[in-house]
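*Asks:* Its first residue numbered 1, the sequence shown is counted upward by one per residue in my numbering.
Hints were generated in silico from the structure; no laboratory data involved.
Hints are not guaranteed to be accurate.
The list that follows gives simulated cross-link-like pairs (lysine to aspartate or glutamate, EDC-like), each with its CA atoms no further than 20 Å apart [as the list claims (entries may be wrong)]:
no.: 1; residue 1: Lys67; residue 2: Asp102
no.: 2; residue 1: Lys95; residue 2: Glu107
no.: 3; residue 1: Lys121; residue 2: Asp175
no.: 4; residue 1: Lys95; residue 2: Glu171
no.: 5; residue 1: Lys6; residue 2: Glu196
no.: 6; residue 1: Lys121; residue 2: Asp45
no.: 7; residue 1: Lys121; residue 2: Asp139
no.: 8; residue 1: Lys155; residue 2: Asp139
no.: 9; residue 1: Lys6; residue 2: Glu171
no.: 10; residue 1: Lys88; residue 2: Glu113
no.: 11; residue 1: Lys28; residue 2: Glu16
no.: 12; residue 1: Lys6; residue 2: Asp163
no.: 13; residue 1: Lys162; residue 2: Glu113
no.: 14; residue 1: Lys165; residue 2: Glu5
no.: 15; residue 1: Lys88; residue 2: Glu99
no.: 16; residue 1: Lys28; residue 2: Asp45
no.: 17; residue 1: Lys170; residue 2: Glu110
no.: 18; residue 1: Lys95; residue 2: Glu114
no.: 19; residue 1: Lys202; residue 2: Asp45
no.: 20; residue 1: Lys162; residue 2: Asp29
no.: 21; residue 1: Lys28; residue 2: Glu107
no.: 22; residue 1: Lys95; residue 2: Glu72
On a predicted model such as this, the values are computed, not experimentally measured, just so you know.
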Amino acid sequence: MTKSEKVDFTIRTLQELYPTIPAPLVHKDPYTLLIAVLLSAQSTDVRVNKITPLLFAKADSPYDMVKLSVDEIRNIIKPVGLSPMKSKGIHGLSKILIEKYDGIVPENIELLEEFPSVGHKTASVVVAQAFGIPAFPVDTHIHRLMYRWGLSNGKNVVQTEKDAKRLFPKELWNDLHLQMIWYGREYSQARGWNLEKDPITKAIGRKKVLGEYFKTKKTRK
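Modelling step: build the complete structure from the supplied sequences, incorporating the hints.
*Replies:* This is the structure:
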């Protein structure tokens, strides 16, 4: 397959598998999404979705969040990990939102990246999922898939994002970002991966990846 054919096959398959695409993180507005995505760093969406209802029951707006102390926030979010840094980030960005933006989350990646504990990926997820602005946030699943499928060299997430944006139509970025996350979780995991249950990689995967898979499978026998 040519790279263009690989892209077309990937889009078709993902659209067939995920005609409707649920957002992985539970939220009700841009602010709660921003907090949830921040909490998801080096954690799982399942764990975050168990903690955010507890946090948002006490504070689901920047105005309520700043009424909590950093310690109070940290005690609630401890189970998601990195709570000292995340609690300071949540309190700090909430204060900035009030002082600079009247409590409203800006619809701009560069402005969001200025907030404490908010990196490029977090900002990209927020503008994509909260505001529908085309973005292609790259998490571990997308980074892994783009390499396995021979669509990126796998060197770093910055290059993977550039390759994804270059190869896929801009109007599909937001859907593809979510579809690829779900696909990576369900069909092409990092551990316990079964190629027979991974239709896209089986059809278009780079030879090196497939060779390593079968070599590992033989060794286990």
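*Asks:* For every hint, state whether the structure bears it out.
*Replies:* Results for each hint:
no. : hint              : in the structure
1   : Lys67 <-> Asp102  : holds, 16 Å
2   : Lys95 <-> Glu107  : holds, 17 Å
3   : Lys121 <-> Asp175 : holds, 16 Å
4   : Lys95 <-> Glu171  : violated, 34 Å
5   : Lys6 <-> Glu196   : holds, 18 Å
6   : Lys121 <-> Asp45  : holds, 15 Å
7   : Lys121 <-> Asp139 : holds, 8 Å
8   : Lys155 <-> Asp139 : holds, 14 Å
9   : Lys6 <-> Glu171   : holds, 18 Å
10  : Lys88 <-> Glu113  : holds, 16 Å
11  : Lys28 <-> Glu16   : violated, 27 Å
12  : Lys6 <-> Asp163   : holds, 13 Å
13  : Lys162 <-> Glu113 : holds, 18 Å
14  : Lys165 <-> Glu5   : holds, 16 Å
15  : Lys88 <-> Glu99   : holds, 16 Å
16  : Lys28 <-> Asp45   : holds, 16 Å
17  : Lys170 <-> Glu110 : holds, 19 Å
18  : Lys95 <-> Glu114  : holds, 13 Å
19  : Lys202 <-> Asp45  : violated, 27 Å
20  : Lys162 <-> Asp29  : violated, 28 Å
21  : Lys28 <-> Glu107  : holds, 16 Å
22  : Lys95 <-> Glu72   : holds, 16 Å
In this structure, the earlier hints numbered 4, 11, 19 and 20 are contradicted, and the remaining ones agree with it.
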